[in-house]
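Residue-level listing of the chains:
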Amino acid sequence: MATSTPSKPITNLDEATVRFCGDSGDGMQLAGTQFTNTSALLGNDVATFPDFPAEIRAPRGTKAGVSGFQIHFSSNEIFTPGDTVDSLVAMNPAALVTNLADLRDGGVLLVNKDAFEKKGLAQAGYESDPTEDDSLDKYKLHAVPMTKLTRLAVEGMGLSQKEADRCRNFFAMGLVFWLYDRSLDPTLRFIEAKFGKRPEVAQANTAALKAGYHYGETVEAINTQYHVPAAKLGAGSYRNIIGNTALAWGLLAAAQKSNKRLFLGAYPITPASDILHELAKHKHFNVLTFQAEDEIAAMTSTIGAAFAGVMAVTASSGPGIALKGEALGLAVITELPMICINVQRGGPSTGLPTKTEQSDLFQAMYGRNGECPMPIIAAQSPGDCFDIALEAWRLAVRFMTPVMVLTDGYIANGSEPWKIPEISDIPKITVEHPGPLTGGEEFQPYARDERLARPWAVPGTPGLEHRLGGLEKQDIGGDVCYDPNNHEHMCELRAQKVANIADDIPKQVLDGPDSGDLLVLSWGGTYGACATAVHFAQAANKKVSHCHLRYLNPFPKNLGDIFKRFDKVLIPELNLGQLDLMIRSRYLLDTIGLTKMQGKPFSVAEISEKIDQLA
Amino acid sequence: MSIETPLPVLKPADFASDQDVRWCPGCGDYSILAQMKKMLPSLGMPRENIVFISGIGCSSRFPYYMNTYGMHSIHGRAPAVASGLKTSRPDLQVWVITGDGDGLSIGGNHLMHAIRRNMDLNIVLFNNRIYGLTKGQYSPTSPLGKKTKSSPMGAIDNPLHPLSVAIGCEATFVARSIDTNIKHLGAMLKRAADHQGTSFIEVYQNCNVFNDGAWSYAKDRETKFETTLELEHGKPLIFGKDRNMGIRLNGMNPEVVELGKGITEDDLLFHDERSPEPSLAYLLSRMRYEDGYPEPIGVFRSVDVPRYDEMVNEQIEIATKEKGRGDLEALFNSGETWKVS
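Protein chains in written order, with our numbering: chain A, 231 to 845; chain B, 92 to 432.
Chain A with its partners taken away, still in its complex shape (with noise of 0.2 Å):
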């Protein structure tokens, strides 16, 4: 279906942001969804933050059960879901109030009217109804009576009204596609392939969707409509990812590029499960998945299959991580190469388990007993989880080691365009196993190259037959040894390996001037925060640059030179101050902390204040 043409006037915009919410059983995850590729479709940058309760279904209508989609789509390049909401979507009284804080002044409100009756409006705690008193006249409101509308469109095509009534976010994502001057293809493909089986569903959810479009059109009180026009991306193909989709997609590459089939033990975690689930759909690209007993499980068979001599990947978060820590540190001493994947979310113990947070950083860098170096690497965005998961690879085989991922619940559920590389493009990952010892030589299991990494001599061999182990090994000969000297010997040794690989990776590069007042320094999924932040400074002629990393163990070695150009360091992160102790204690510098613990990532504004605070 084309686009009608405009019997309203329309208002250019360079960017905008919408945020769908409703009860947890609204589907609001999916009408933001269907919002996010149809404009990614349509050529805007996108970045989306999708919000929703630990609880599958809470209590309806409670202010405990909502559920959030946030779009922000753009002309430009953006890096964020966007501080604030431009149109905010309430399918209940109990959305309305818990997001109503972050629509701004003058930004359209589309609320569902029938479901402001007493229960609902008491549940959110409203005493009287908000959209017949002025305590909204602040914003555009339109109260449209979605329930009602929605059954009338698909009356008499045999569905239930409990049935119909799920079609309600149909009619508010028409209303929406309409009122932003979007395109219901996309839309109506998906709604085709997902329910095609179910004619009578999907003729439902067409019929909901255009009544929805045809009420914008149509209802007098809307009367004007926006266009974001197509950002101008560098040339490529394009789509849509999510970041859970593209690290699944990289340890597919990997594998490919490296020649080795792909195992995953992994037990079922919020919010990593995504990257079980993607793994266990690709089969045919030789994928092993291994849906452990437990987290200890899904570690220790993930240290088995290493041991067998394929890409052996673990995917948990926080709580299932610290479960892993006694086999990480198996993983560690017996030098095999595997991926251990963090995407955290907030804690301690199960904490906020859908809500975002960085504070599990130093779980990764000192969350093991005795002297355990394990290399971290951190993704910055959702499709910078498709290099994440390569680089880990490349470092895991190259230094014989276990590799710690960090992303987190943001980038894990958010999505952004994703230019689609050339898979030639995506370079070759050698992996080198020592081959058989016919002539009665000894094996050293040992024994190291230039970069302290031993050999990955894989069972089946013949010659190389070794036993590794967690009691502390000889150097070179690898048999059992509990010589004092030794022992001091092998910790200096591993930690040496992890330190190396400072000098097999890029030096650390700023965004801005190498020198000036104020350096942001930041990890993972604050980056674009950060970076926004950063720009708008550098666009008020501040001297701030920024500088994002993306190796915490080792750190780039030119960080520490970096820092003496720049008078005062500041470094936000989603915990309580976790990099900044790794930087003073590393660096011996006075750094500036800002941080916050809500299970929400930075806005813009919160970095923006304190760089205006200090700069």
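Keep in mind that the hints were calculated from the coordinates and are not lab data.
Heads up, some of the hints might be wrong.
[What the hints assert, rightly or not] With a cut-off of at most 20 Å between alpha-carbon atoms, the simulated SDA-like pairs for lysine to any residue come out as follows:
| hint | chain 1 | residue 1 | chain 2 | residue 2 |
| --- | --- | --- | --- | --- |
| 1 | B | Lys102 | A | Thr668 |
| 2 | A | Lys511 | B | Val403 |
| 3 | A | Lys511 | B | Lys412 |
| 4 | A | Lys490 | B | Glu408 |
[What the hints assert, rightly or not] Some chain A residues close to chain B (C-beta under 8 Å, calculated; not the full set):
| hint | residue |
| --- | --- |
| 5 | Leu482 |
| 6 | Ala483 |
| 7 | Phe515 |
| 8 | Phe520 |
| 9 | Ile822 |
| 10 | Gly823 |
The beta-carbon is built from N, C-alpha and C at its ideal position, and this holds for glycine as well.
Following the hints, complete the assembly by docking chain B onto the known chain A.
Coordinates of chain B only, in the frame set by chain A:
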């Protein structure tokens, strides 16, 4: 004409590593190690295709003494390490060496799930009814009332029976042997190696330092014929030095009867290791010396059931047949994409 090089014939000594064996003198583990080394050459499998995985404990030092591939992993986790290994490399023969503390206490969960998946693993549990390496605490198989350093007034934890646990976990091969009954032990190891699927063997093993004599009733020449019963497939359950005692079913319960006086072999319970239902094997696993029964040794259960390691790789073949070999370019361009020029 091609000339096939025959596999070199290996001897038990070929399976010995260059490490000094460090178990206490007189430990039952020596015998199990010797029987393993004696049995392996009979499989005709090259050394490099065999892997021993263990956890922590005295028994778990086993891999260091075998000149094969091996890993001495962490406490209780050997079945999980072995599962990752076997799933990735079904061509390897994988053994798991564990003990009563390692396998049934800290590693109980992994043991349970390894068994139910029925991967082609061979699990040997050395049962000495004590924690040896930590110097003598009661274990999950220590009898009630057992006085140890950690139970000075006697253990009050009900003991587990390893074979009952294995059968409850849908084990497809379950056997029991005794460290000093070397011929029998060797035969059981061979049966376990030959079984397609998870094999679980409990070995009564004496810890002569911290729990000496725990199995003396089953090992002593004077008593063993009355206290143990060697199972044979398709044969009646007969025991005793004079082979005059048998086991008969009385309702759901086994009872010890004397042959003669109107009771013939036909009245006895006949062993069927291939019974699809595990009830008989379970009943046998519950026969305890302290309850007045001889304790069965031999193969309790051996049935053919699809294996995880086989099926997981079959699924890959099926998916590849249906969708073709995974193509990154096709994957990346699947769904909605757009071009910017």
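Determine which of the earlier numbered hints do not hold for this structure and return their numbers in increasing order. Hints 9 and 10 are the ones this structure does not satisfy, whereas the remaining hints hold.
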